[in-house]
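4 protein chains.
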Amino acid sequence: MAKKLNIGLVGCGFMGRAHSNAYRRVNNFFDLEYAPVLKAACARDEENLKAFADQWGYESIETDWRRLIERDDIDAIDICTPNNLHKEIAIAAAEAGKMILCEKPLSMNAAEGEEMCQAVEKAGVANTVWYNYRRVPAVTLAKQLIDEGRLGRIFHYRAVFLQDWTIADDVPQGGESNWRLDAAAAGSGVTGDLLAHCIDTALWLNGSIKDVTAMTEIFIKERMHALSGKVEPVNIDDACAFLARFDNGSLATFESTRYARGHKALYTFEINGEHASIQWDLHDLHRLNYFDHGDDSIIRGWRSIHVTDSDMPYMDKWWVPGLQIGYEHTFVHHVADFLDNLAKGQSTSPTFRDALETQYVCDAVLKSAETRQWETVPNA
Amino acid sequence: MAKKLNIGLVGCGFMGRAHSNAYRRVNNFFDLEYAPVLKAACARDEENLKAFADQWGYESIETDWRRLIERDDIDAIDICTPNNLHKEIAIAAAEAGKMILCEKPLSMNAAEGEEMCQAVEKAGVANTVWYNYRRVPAVTLAKQLIDEGRLGRIFHYRAVFLQDWTIADDVPQGGESNWRLDAAAAGSGVTGDLLAHCIDTALWLNGSIKDVTAMTEIFIKERMHALSGKVEPVNIDDACAFLARFDNGSLATFESTRYARGHKALYTFEINGEHASIQWDLHDLHRLNYFDHGDDSIIRGWRSIHVTDSDMPYMDKWWVPGLQIGYEHTFVHHVADFLDNLAKGQSTSPTFRDALETQYVCDAVLKSAETRQWETVPNA
Amino acid sequence: MAKKLNIGLVGCGFMGRAHSNAYRRVNNFFDLEYAPVLKAACARDEENLKAFADQWGYESIETDWRRLIERDDIDAIDICTPNNLHKEIAIAAAEAGKMILCEKPLSMNAAEGEEMCQAVEKAGVANTVWYNYRRVPAVTLAKQLIDEGRLGRIFHYRAVFLQDWTIADDVPQGGESNWRLDAAAAGSGVTGDLLAHCIDTALWLNGSIKDVTAMTEIFIKERMHALSGKVEPVNIDDACAFLARFDNGSLATFESTRYARGHKALYTFEINGEHASIQWDLHDLHRLNYFDHGDDSIIRGWRSIHVTDSDMPYMDKWWVPGLQIGYEHTFVHHVADFLDNLAKGQSTSPTFRDALETQYVCDAVLKSAETRQWETVPNA
Amino acid sequence: MAKKLNIGLVGCGFMGRAHSNAYRRVNNFFDLEYAPVLKAACARDEENLKAFADQWGYESIETDWRRLIERDDIDAIDICTPNNLHKEIAIAAAEAGKMILCEKPLSMNAAEGEEMCQAVEKAGVANTVWYNYRRVPAVTLAKQLIDEGRLGRIFHYRAVFLQDWTIADDVPQGGESNWRLDAAAAGSGVTGDLLAHCIDTALWLNGSIKDVTAMTEIFIKERMHALSGKVEPVNIDDACAFLARFDNGSLATFESTRYARGHKALYTFEINGEHASIQWDLHDLHRLNYFDHGDDSIIRGWRSIHVTDSDMPYMDKWWVPGLQIGYEHTFVHHVADFLDNLAKGQSTSPTFRDALETQYVCDAVLKSAETRQWETVPNA
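Residue numbers (my numbering), protein chains in the order written: chain A, 1 to 380; chain B, 1 to 380; chain C, 1 to 380; chain D, 1 to 380.
Simulated from the structure, these hints should not be mistaken for lab results.
Among the hints, erroneous ones may be present.
Note: identical chains are not told apart, hence a pair may lie in one copy or across any two.
Listed next, the in silico DSSO-like pairs over lysine-lysine satisfying Cα-Cα at most 30 Å (straight line) [as the list claims (entries may be wrong)]:
| # | residue 1 | residue 2 |
| --- | --- | --- |
| 1 | Lys50 | Lys344 |
| 2 | Lys3 | Lys344 |
| 3 | Lys4 | Lys39 |
| 4 | Lys50 | Lys4 |
| 5 | Lys143 | Lys221 |
| 6 | Lys50 | Lys317 |
| 7 | Lys264 | Lys317 |
| 8 | Lys39 | Lys317 |
| 9 | Lys344 | Lys221 |
| 10 | Lys122 | Lys4 |
| 11 | Lys221 | Lys4 |
| 12 | Lys143 | Lys264 |
| 13 | Lys39 | Lys50 |
| 14 | Lys344 | Lys367 |
| 15 | Lys367 | Lys210 |
| 16 | Lys143 | Lys230 |
| 17 | Lys230 | Lys367 |
| 18 | Lys143 | Lys317 |
| 19 | Lys264 | Lys221 |
| 20 | Lys3 | Lys39 |
Sequences and hints are given; from them, build the entire structure.
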């Protein structure tokens, strides 16, 4: 019989759904010592909260996250709020001795993140940040291929995260649906929301970033604010691109925007090594493209690996070769790893400390966009 | 509060998992009057059965499907057994007044299917067959585009279902894992297992098939039988291809094999109409390719539609544009439609009667492979 | 200094251009003992002929092919006329001791082709048929991979040639532009025009075809005839599909149509072998897709080989890796091989005799479409 | 009868072949008032030169380009030498009143280019630079779609030119084959060789670039020099990436390298506009990808336009829909346009002055890589 892990979830939006689904499904597919229990959901709007709790089977609700943290029957706090609340909740939870699973990005900036790291490390509580794309099987496979040395010396890294949903100027900023467009709630625009994903993957696959030069742009300068009801200046970055050098000597380009017509959530990365190269694309997340220079020259080409066989990362838990999984499974994998590591007394990457490194890169990027200089990334 | 629908599942293999997952998830994502309850799971091997019931949260178990059918607390029987048991279970369930959700193919042959149809129709019980690929959003979209008349007169239909898992001659036939290779349990090989999917979709999208000419082949003539422990002749078709004419005057080619190296579960179809054409591919099931001759000539080309926006069939229930779903969601959609239709007093296609038409085509195909003649498909 | 080979070209349409271009370019790119000379062009319409001869630099013209054949200064006759003239011209040319390069298909039917073979063989003149797709570098590479045994035992072959240019019912039949729609000039429709290509490649790559079952269709039953000016019945096949068995035990499907909306000249083939599979597509003719089951399982996938490196067939003659060639180069390759073989005293495949085998398959296909029976292909 | 234009070609390497082929073919396919005549080829190595002249049918040879320019029977000088000779030859040719067709990049740097522009403008001679990718039909189509306003306001431009041929450290620098690796002959590495193409296209499609920030890298620091026979420092940039802002407010990323394993000549660009987006890729140069937000939402997706129909730029001159052309045709198109413009008394873009703008961007990029600052691009 699995040991129970009582979850208290804060924030019932898109991410609240994704995490709840992961908790509910993980034990159907993974054999684990622990089983999460949906103990309590927490949000300010009680009506929405009740509907959410009903739909997902939460045993109870709280409208104040401080009350949630005080409860003895909660083992772990899952933070799905807008970014501006991460720090306060996380530090309180750590002080209350709760494990913490925090949505990305870790924090509004590196200074906040530093405080959060100190809190969880002082409290000695398990902590992890939901950079879910590490656990797309094709991305995990990329990590494996790199770790096996199949690429050799790395020359280039390039990543983009392209969307097009804010092109219309009648999209409001702020409020429940669009807090990601409100600097006060989100901290930054595409940098913290989208590039943070690209950076997290890059640090994981290719090591630390040394320095960056960046540019940002706000294409639509004013939008109706959903909270004030007034047209207000837009303060988040609509687009951001930067050049970078990694510690391993490789060069990189990164770019993100919400103004790339035709792309919904096109996160792609490519890594060029001495012996082999890798490409991945979130729009076909079940495939990995791989070029191996070691192939006989007459049959050498980019391979499209359909990452569905049972010897692929995580895929022995799902269906049969050829049958693809989707977006939400990455969260199931994250929970499965978290529970497995818990049983083994291990941390689950990315920890707060791991995720802090991404914040340092984001800070350097945003600073460079202002100074128009190369900026060095501090060590996390 | 949703009304409960008590499910009794027979067969705890691959399909038992897929259906159980669908029942467990459907109410998290769809707003429905009914909620399925995993009341009882049934299989012969008690040890496996218990593990299965534990993993999926079934309230009880039965090792004899007749006992399951007798239980008053069961509303619907879900048949996930090998094909040779479909008829007997379905008829008994119908006579006991149970709703029936039966895995595809409906039956070993059309004669059996005819009896099953008569049983459910006489009993007046809700019935459906799990041809799940109809409910891939991209396939449902194809149906919608055709029904809107966007393709115009149809000239051609072509479909293949290609796999490669039986190429090695040390794959045994029969037993729990490989009953699909045993004619006694499966009825036929790729015709009933794979082409049945292609035919079901084709009948749905393009109407009835008039006649066919076919060929089949057994590439590996003998395999160890898992039950007898002896090398025995293989009696199922390893490969089958046929030509067909539809009632609407269009021509078709169909092919299926388990000897197409490089393809895991490559079900593809293409439809060529007067004005537009459509292509779909199970290996990238979240995309639909569409060619519209009405486009301006200088910007005319095949479009790759990433079927993830909320105006796409079923997709308002899942995530956000760009984030793909996978194989298992097709079963969730089927359950959702079944429950919704139940509330409305409507039948859920494909019904047994709908699925019988596929059996008639399969029978004609297998007969033609023997007679080497064109065979007419009887009306279902 | 290269030896001159004086060419007399009959027929100044599309193929006349393609061949003329090949003759003019071959010595710029290939080092050969022979150099073709554009000695004379021949066609009935003198005005068009003069313009054509001017544009391509022919030294002289003839309006009667019999006069051309009589000329002592002509070494080789190139036949680019509609199909119904192939036999008469070829036999006369052979009797006059001329080499012959004949457009495909060889003849209206196998009986004619048999006569033509006997004529060239009796005369002992060099002869070849322009099945140009054999000499797409990617297709030649496919042949090489098969000959090296990389695919192992072959299970499946499938080919289609899809076009959409005759969907409109106001396309006339007959005349200079549309003789391919006129049975009297073309012999058959897609079977001789398009499937003949597919069959030629298939025989080359996979050996002889044993028997076939086929269906054909005429979607638009009547069209204006360009010669008579009257609406007349259409007698060519608009579409043709057939099943086949090869002598090596593999199964095949073939299909061709001019009613596949969205496809201009989509000739594709796929071969599934025990160890590896191959795909090719005329719309991206510079690529070959290859799946090798021998790859490590975690990096196994379909490879897209960009056939532009200098170790690829013919590609050392052209540009540098990554820079693609196109359709017309296949004719240059054919001429280069012809001239090279001439110097070595070797025949250039496909010879008339090789091409006759395709005629036998076409005849069997067309007969089967009438008899609705499997038809055996006679030995060529 | 076409008027003759006598060509004197300087440099018999890869580009000499590409241009010679273009001159020889253009009148076979295009109806023009002028016909180029291969009057003289010029190079220092007489043996190679003779072989080259023989193969391409040049009427005469010169081993000193000054002699070539002095000849009265030469109308136009085509410069295919290494970059370090462009200026001197071009200025001398202009002073001698010759038309000039100069390979790209125009010059070693903008200062040289400025002198060259002044020379041709003072002399009033026709001049053009062979940025051939403008005349890939798909790229010309992109220009047309932009000029028609189909994209609307432009937000983003991104381009890469990726190769992998210099990864091995035993590739020498300098000499006939590898002068592109020798800074003394080439001026720069990938910036002048590859990014110059990307910049030329970008300026044409998207207008002027305002400022840039760049980084460059030399991955292999020393190579054998083919001329000195000694290992010498490498002074060209192996890789270069830069961020840019266009005058129209759009943001851009550019990157080029010869260390991207798996890419031979992967020049790609993408443009994201308010209403539509465009992608192109040199590895499949006959296709243009296009996304039109104006499509009905349920059939909206990236279209792959197979740019082979006769209403596509230049394509009425070649074959029939579906049959692709290749790399070398871009040069034929350039010559055709040059001859056509000559007849009309018009200049042929890119002129020296147009190409100078690319030099200013290259200079700013290389400077920024040194200063690690944003650099403003001067007006050309």
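With identical chains, the pair lysine 143 and lysine 221 could be close in the same copy or across copies; at 30 Å between alpha carbons, which is it: within, between, both, or neither?
between (40 Å within a copy, 29 Å between copies)
Within, between, both or neither, where lysine 143 and lysine 230 count as close if Cα-Cα is 30 Å or less
neither (47 Å within a copy, 40 Å between copies)
Between lysine 264 and lysine 221, at a C-alpha cutoff of 30 Å, which is it: within one copy, between copies, both, or neither?
within (22 Å within a copy, 42 Å between copies)
Lysine 4 and lysine 39: within-copy, between-copy, both or neither at 30 Å Cα:
both (10 Å within a copy, 23 Å between copies)
Is it within, between, both, or neither for lysine 50 and lysine 344, if the alpha carbons may be no more than 30 Å apart?
between (35 Å within a copy, 27 Å between copies)
Between lysine 50 and lysine 317, at a C-alpha cutoff of 30 Å, which is it: within one copy, between copies, both, or neither?
Classified as between; 19 Å across copies, 33 Å inside a copy.
Lysine 143 and lysine 317: within-copy, between-copy, both or neither at 30 Å Cα:
Close inside one copy (19 Å), not across copies (32 Å); limit 30 Å.
What label fits lysine 344 with lysine 221 when the C-alpha limit is 30 Å: within, between, both, or neither?
Cα proximity of lysine 344 and lysine 221: none, with 50 Å in one copy and 47 Å across.
At most 30 Å between alpha carbons: which applies to lysine 122 and lysine 4, within, between, both or neither?
Close inside one copy (25 Å), not across copies (48 Å); limit 30 Å.
Reference check for the pair lysine 3 and lysine 39, CA-CA at most 30 Å: within, between, both, or neither?
both (14 Å within a copy, 24 Å between copies)
When no copy is named, should lysine 230 and lysine 367 be tagged within, between, both, or neither for a Cα gap of at most 30 Å?
within (29 Å within a copy, 45 Å between copies)
Could you place lysine 39 and lysine 317 in one of the four classes (within, between, both, neither) given a Cα distance threshold of 30 Å?
both (26 Å within a copy, 24 Å between copies)
The structure fails hints 9, 11, 14, 16 (numbered hints given earlier, in ascending order).
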